[in-house]
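**Student:** All chains should be built: construct the whole structure from the sequences, respecting the hints.
Letter by letter, the chains look like this.
Number of protein chains: 2
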Amino acid sequence: MAKFAKRIANMQASADVIRQLFESMTDPETISFGGGAPAREALPVELVHDIASEVLTRDKRGIQALQYGNPTGIPDLRRAVTDRLLAPKGLTAGMDNVLIVSGGIESMNLVSQLYLEPGDVVLVEAPTFVQAVQIFQLFEARCIACETDDNGLVIEDVEAKIKKYSPKMVYVIPTFQNPSGRTTSLERRKALAELGSRYDVIILEDDPYSEMRYSGTKLPPIKSFDKTGNTIFVNSFSKIFSPGSRLGYIFASEEIIRKVYDVKTATNSHASVLAQIICAEFFNRGLYDAHLKRICDIHRERRDVMMDCIAKMLPDSIKAVYPDGGLFTWVELPQSVNTTALLGDALAQKVAYVPGREFFVEDRDNHDNCMRISFGGVEPEKICIGMERLARVIKARL
Amino acid sequence: MAKFAKRIANMQASADVIRQLFESMTDPETISFGGGAPAREALPVELVHDIASEVLTRDKRGIQALQYGNPTGIPDLRRAVTDRLLAPKGLTAGMDNVLIVSGGIESMNLVSQLYLEPGDVVLVEAPTFVQAVQIFQLFEARCIACETDDNGLVIEDVEAKIKKYSPKMVYVIPTFQNPSGRTTSLERRKALAELGSRYDVIILEDDPYSEMRYSGTKLPPIKSFDKTGNTIFVNSFSKIFSPGSRLGYIFASEEIIRKVYDVKTATNSHASVLAQIICAEFFNRGLYDAHLKRICDIHRERRDVMMDCIAKMLPDSIKAVYPDGGLFTWVELPQSVNTTALLGDALAQKVAYVPGREFFVEDRDNHDNCMRISFGGVEPEKICIGMERLARVIKARL
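Chain order of the listed sequences is A and B.
Counted from 1, the first sequence has number 424 at position 254 by my numbering; the numbering is strictly sequential.
Counted from 1, the second sequence has number 224 at position 54 by my numbering; the numbering is strictly sequential.
Hints listed in this document are in silico derivations from the structure and should not be mistaken for laboratory results.
Incorrect hints may appear among the rest.
Because identical chains cannot be distinguished in the list, a pair is counted as satisfied if it fits within a single copy or across any two copies.
Taking lysine-lysine and the PhoX-like style, the derived pairs with C-alpha atoms no more than 25 Å apart in a straight line are [unchecked claim]: (1) K397 with K552; (2) K334 with K520; (3) K489 with K397; (4) K482 with K552; (5) K259 with K173; (6) K482 with K230; (7) K565 with K552; (8) K520 with K230; (9) K360 with K173.
**Tutor:** This is the structure we're talking about:
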């Protein structure tokens, strides 16, 4: 049979992990700390029902919902993005700076289509979001890891690697990072924007979790310090509205958005208009503030229960990140424990997580003692039961 | 600023045309025979309203609609594809042969990601669908045109060019082709499937229009003659359900679908679940047959009115394809008339079409006398008014 392109071979390894992630979400008896889904209780089903019932009539909007749209996205949703999502973060955007995409993953795919040539280097955090790496590899880029600590990317290491590798892009999730739950400090945000400008590197800032803050103080995005347009800010509606709608957006200079328009046209024309209209109404009717409070309350409780369970059930020698928001904590076991091997024990006990090595692009063997634990999709009582199972499995290996 | 990838420069030219196409749809005074949209009167707004109201409740399906889904698409919609769309075409597909995509354009993008390396050759019809060419060029493929006549691709020319260029793929819209409105004959369908198998070339069969047949006899798809899996059958729900939902599907061997799964995951995870559930219900409630009859009745009338207008209003020296279905006819003016120059006159008279040269990848100057006329999106009375305007403009140039 006709040969697949080279890029397909590049992505094989991590695709299997993604497949497992999706599949672990479907066994009802397994308590899965593996997926990255938000709480099902936080999904605005009733609000979407009411909006859909009202807009889907044979007037202008009902027809608009089912007819072809514009690759940029519908104006109502772009306006919601500029006024209700970007402005509160201190980001001033015009309508022509925003393009609606079909979910956060697609924003990274489109930016990759726009910039990456085979062999280009992308600097990523260690650890980083596995699906982003998969996308960069699909475009035959080489991902190089930069050091991180509790305050995010270590700037000296990023600068040294910019000089050494002349990367096209630095990919960073500065707030409640996936997988580590860590947040990049204010100083480092400034420094990253400046590095992008000074060395003419794209800083791809991915911000799906920052609205879900349960404690601590809000920080401005890297993009707010960008004076040259080198930072491209991408975001998803998956956590604050609904993952299944598949909506997100890209905020960048008009020049870049015009090119993204062409790539979006050749990828899938535009995001589902029905989903866009419902999402736009959700924001423009002013339903978001109360909904966000509800989301944060639900997930804060889960974060608190999870961190209590870790403190009570796991030995003190085990370190866990305390996340001020988002969906994840990152647990480091003693070096003697291999979390990939441990996963078999865990699945047998009907509890799941993602082994830490999956989130590293280099030096994976040195991170075999880590795991990502996702608390967002699990009810509080089940978090306790799941963590009892996991603690038992871990202790048996200590 | 950081440089765009080479692939972006490749697509520039045609992207401007697409942009114009989208924009010509928005001036309310212009009667546009330019776009490829189906009749707004044919959109199932009420059915979608009723389905959305019923499924969006806090039970399993309401939650499913808003939560993450599987890259393959929801089983209910894949089942609707195998049983209600493929089986009636004589195509036997298992659930694992079908993957749901975000619109027909995306199916071509994903297949291109799967197969095309820079420099690969794709054979296309002359004329062909301009957005497909844009996608192949985005993947740095070289498009080579093959001869067509009233029966579709000229097989001898396709075989000669397979031998000469060793293409990776042959792209073909065999039924009510965009832009020509022509249909590939039964013998040539068989021959194309056999060429794919004999020379190990992918035959990418794009079938968005075949359900919209207003006259003549149904023909089996190329895929029905494929014995080796070399034909990949892609389709869209845009014409038979709704363009704005952005849904389509790929039907291929399990081996290919497994790889498309990986690429879909890295493109945008999965199609909008809300749109998928509504579309699946539409088919599984048995609403499609009556809806399709309605679509065909509406568009048949438009086809008839358009062909009458052409016969009555344009001189006999002007040739037009009589399409047995779909949305397009193809008009050839005397060689002395340049349809790109004529478009300025037409727009001044508030009527639009797409100049023929845009649909050719080679030898464009020899097709400057052609135009694509799309009748699907225009009400019958307006077709007459628009054609009066266009006839006046054309006659002034004869």
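**Student:** Against each hint, give a clear statement of whether it holds in the structure.
**Tutor:** For each hint, the structure was consulted:
With identical chains, the CA atoms of K397 and K552 are never at most 25 Å apart, being 47 Å at best within one copy and 51 Å at best between copies. For the identical chains of this complex, K334 and K520 are neighbours neither inside a copy (45 Å) nor across copies (58 Å), given an alpha-carbon limit of 25 Å. With identical chains, the CA atoms of K489 and K397 are never at most 25 Å apart, being 38 Å at best within one copy and 58 Å at best between copies. When the C-alpha separation of K482 and K552 is checked against a cutoff of 25 Å, the pair qualifies only within one copy, where the shortest distance is 16 Å, while the shortest distance between copies is 74 Å.
In the homo-oligomer, the alpha carbons of K259 and K173 never lie at most 25 Å apart, since the shortest distance is 47 Å inside one protomer and 28 Å across protomers. Taking CA atoms no more than 25 Å apart as the test, K482 paired with K230 passes in neither setting, with 57 Å inside one copy and 35 Å between copies. For the identical chains of this complex, K565 and K552 are intra-copy neighbours only, at 20 Å inside a copy versus 76 Å across copies, given an alpha-carbon limit of 25 Å. Taking identical chains as interchangeable, the C-alpha atoms of K520 and K230 lie at most 25 Å apart only when they sit on different chains, with a minimum of 22 Å there against 50 Å within one chain.
In this assembly of identical chains, the alpha carbons of K360 and K173 lie at most 25 Å apart only when taken from different copies (23 Å versus 46 Å within one copy).
Hint compliance for this structure: hints 1, 2, 3, 5, 6 are not met, and every other hint is.
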